[in-house]
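> So the sequence lines, in the order shown, correspond to chains A and B. The numbering used here numbers the first residue of the first sequence as 1125 and each following residue consecutively. The numbering used here numbers the first residue of the second sequence as 107 and each following residue consecutively.
Read the hints as simulated data drawn from the structure, not as lab findings. Check each hint, because a few of them may be wrong.
Residues from chain A that keep clear of chain B, each with C-beta distances beyond 10 Å, as calculated [said to hold, decoys possible]: (1) G1140; (2) W1142; (3) L1143; (4) G1182; (5) V1214; (6) N1215; (7) K1253; (8) Q1255; (9) Q1268; (10) R1271; (11) L1275; (12) I1281; (13) F1290; (14) S1337; (15) V1344.
What the simulated footprint calls covered on chain A by chain B, stretch by stretch (three residues with Cβ under 8 Å from a Cβ of chain B suffice, anywhere in the stretch; the number is not a length) [said to hold, decoys possible]: (16) 1153-1165; (17) 1308-1315; (18) 1318-1328.
A quick note: this is a predicted structure, and the numbers were derived from the prediction, not measured. Glycine residues also receive a C-beta, built at the ideal position from the N, C-alpha and C atoms.
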Amino acid sequence: MAYSFDFGLVVSGEYGEWLRQGLLTTLHISAISIVGSLLLGTLVAVLRLSRITPLVWGSAAFTEFFRNTPLLVQIFFWYFGSYSVLPDFVNQWLYQRDFEFAAGVIALTVYTAAFIAEDIRSGVFAIPKTQLEASRATGLSFLQAMRYVILPQAFRIIIPPLISQFLNLVKNSSLVMAVGVMELTYMARQIEAYTFHGLEAFTVSTLMYLSISLVISFAVNMYNKRVLKIAPR
Amino acid sequence: MRWDVVANNLQYFLLGAWPNGELGGLAMTILLALGGIFGAFWLGLLVGLFRMSRSGLLRWPAFAYIEIIRGTPLLMVIFWFYFLAPVLLGHSLPGSYSALCALIVFTSAYIAEIVRAGVLSLPKGQMEAARSTGLTRGQAMRHVILPQALFNMIPSFVNQFVSLTKDTSLAFIIGVNELTKAATQVNNRTMNAPTEIFIAIALLYFVICYVLTAFSRRLEKKLVRYQARGR
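Make the full structure from the sequences, and use the hints.
Following this line, the structure appears as structure tokens:
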């Protein structure tokens, strides 16, 4: 093997700093998108359950379309093509900021929201129907019943699938490198191009992703065992 | 709107430069997805069986393989294959081969978990009955457990295939001529219809993935009914 590993190069000095910055950007873009996708996903799920036909159809089309197209294509769409479908003042607002980052956040948020909406919906279906009927009978409106009775119970069940969606989001955030957001994968690729020591950079960044994943899945297992009392298989 | 740009390049989106040049576009996407699912099925079946083995020598490596692959972004796996190949083989591998290997390895970890879930979901009595008729554990697996488990897993496999089809778009990043690359090429050349081009591409992916998703949902319903009758 005509390749000498030099991990000192990528864990310290300038390139170490690049990877550290990349990791921070990955965590930053993931955190914003997690909050956004949770809010948007809940909204879409509630619309889907609302029994108002146009809203049901609209939210169903939303989930089906965004779940069945590749994230990379969606990122390119928001990056290259969104200016002609978004209102002008939104475009102006986006251009004044970090546009790559914004396009990445929008794409990750919308893509993940489609998956989260389905998870929330299946969580709501797991709640006995009588819960909704009983809360409607006490005089709560549909939205109030959702807000105070159904969703709090549903969220308790779907915390594990939600967290694995968040985990997917962190991994998916690597794709925003394609439009030039300087996150972890972009930095690793950049170090490869500058130094030809890509394998060290990929090792370090893979380990960073792995430790995020392992910590989160450990937390989910604990939650399953302690709170939901599901025995691990 | 400039939908004529899409119409003029439709053949390029579907087939690439073929028959006058290299095959690309949607055809390449489908080839990658089919090759990927074929390889990933066999590798995933093997890893899944190792994961359930009673020998720690097989079980622990399989466990590590599944957890490491599932904790790593696909793009990272693709880069690994793309940049490790010249070091290991001494010459660089064409992007499409690196991408195919990466897709197979990545998807196989998920297939392994599907296989494990399918086998564990069968009643325990199946294995016990098979063993008591004199079959070895391997024979019982091969002739009794797997035929039932794999049949029940078909919807999950179809869903995995949908994910894989979407994932082939990542091969673009190491320069494979598939649908997403065709879109960016046409976009860079024309510069006047990005919205239309990416909507058209998204629709092409959507048609394939949605048909498969709908198929898997129907199949799932049928299987549930079929199983309910059997009990």
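> Could you work out which of the previously given hints the structure breaks and list their numbers from low to high?
Violated hints: 14 and 16; rest satisfied.
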